[in-house]
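S.K.: Please build the complex by placing chain B on the supplied structure of chain A, with the hints as guidance.
So the chains spell out like this:
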Amino acid sequence: MDANTMIDSLSTQFPDAIYDTKVESKIRIIAKVKPEIITDVCKYLKENLSFGHLCCEFGVDYPGRNEIEVVYVIGSYDHSVVLTLKAILPRDNPEIESVVPVFWNANWYERETYELFGVKYLNHPDLKPLVLPEDMLGEWPLRKDYKGFPNKTAKNLV
Amino acid sequence: MAVEQSDYEEVPGVILTDRNAISDFLKTTKAQDVLNWGRKNSLWFMVNAMGCCGVELLSTGMAHYDTDRFGIIPRNSPRHADVLIISGYVTKKYLPALKKIWDQMPSPKWVIAFGDCAISGGPFYESYSTRQNVDEIFPVDVFVPGCPPRCEALIQAFFELQKKIEAKQDKGTEY
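Going down the list, the sequences are from chains A and B.
Residue 158, in our numbering, is where the first sequence stops; the numbers in between run on with no holes.
Residue 175, in our numbering, is where the second sequence stops; the numbers in between run on with no holes.
Since the hints were derived computationally from the structure, they do not count as laboratory data.
Because the structure is a prediction, the values reported are computed rather than measured.
Note that beta-carbon positions come from the ideal geometry of N, C-alpha and C, so glycine has one too.
Treat the hints with care, since some could be wrong.
Claimed, not checked - Where chain B lies over chain A, by a calculated footprint (3+ residues, C-beta under 8 Å):
{"no.": "1", "segment": "83-96"}
{"no.": "2", "segment": "130-136"}
What the hints assert, rightly or not - Non-contacting residues of chain B with respect to chain A, defined by C-beta distances greater than 12 Å in every case (computed):
{"no.": "3", "residue": "47"}
{"no.": "4", "residue": "66"}
{"no.": "5", "residue": "92"}
Only chain A is shown next, with the shape it has when bound in the complex (with noise of 0.2 Å):
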């Protein structure tokens, strides 16, 4: 099964849901999805077209559009095609379903995602900050509009 072929059946098996789809080359294709039921997409995916290993889970700030992206990297054991799945959500309240009922590593990515950018995962198991301290929790740092750099207030800069 080559990438083509699997981009038609996402496309056909989710047909209102999955837009934008683009076949970059013979292992990358590119496809957006809508948040609402990204774990549906995810248990296909998994089971039919066996991309079982997701790679990494980000978001991207975009704060021209007021939106921001969810990426998912997903990639298989058994082909070479690795799919780059984008959800995305409003700014002011980002909210998606968790995939950590699919894949089970997601639950780290979705920690940080939810630390540095505030997007908010329903159904997730142990929804907390992975690796900033709690008090830090709504500064979201990784958007772009973060003020909180302290840049100029070292004195004994070497």
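M.R.: Quick look at chain B alone, frame taken from chain A:
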């Protein structure tokens, strides 16, 4: 019958142990020099590797440099240690733990800021998570610049600290 503390103060020629009278008396005599001689030759440091400078810190304590010659011995418990070496950038999350280590160390105690990160934050100085200017929080006696400094630089820092203690210029004790 319970005796009020104020009664003690009126006894002439008696130095009370509930005040700093004995240590204040010692600080003005040669006895303090003898004490400082002892202190400067037993600078046991806390093994607290906080970053890549921590590797240099660890190898300084190993057999190759043989710092036992100068009384500089790595200790694995803050309750045994005299010197806290801040060997990396201090994040907002790590600062409470570092303060706890510092509070567990018995006096007299000294601090060495080891490496660029400990002095200013280094390459991470404008990160959202870095706590800058740790010398405002800890009484740092010696700064060792370098990224990372070599083990010889750390031994040099201990020598500078020894000189400061001998000259009663260190921040670990009030003279």
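S.K.: Enumerate the violated hints, using their earlier numbering and listing them in ascending order.
M.R.: Violated hints: 1 and 5; rest satisfied.
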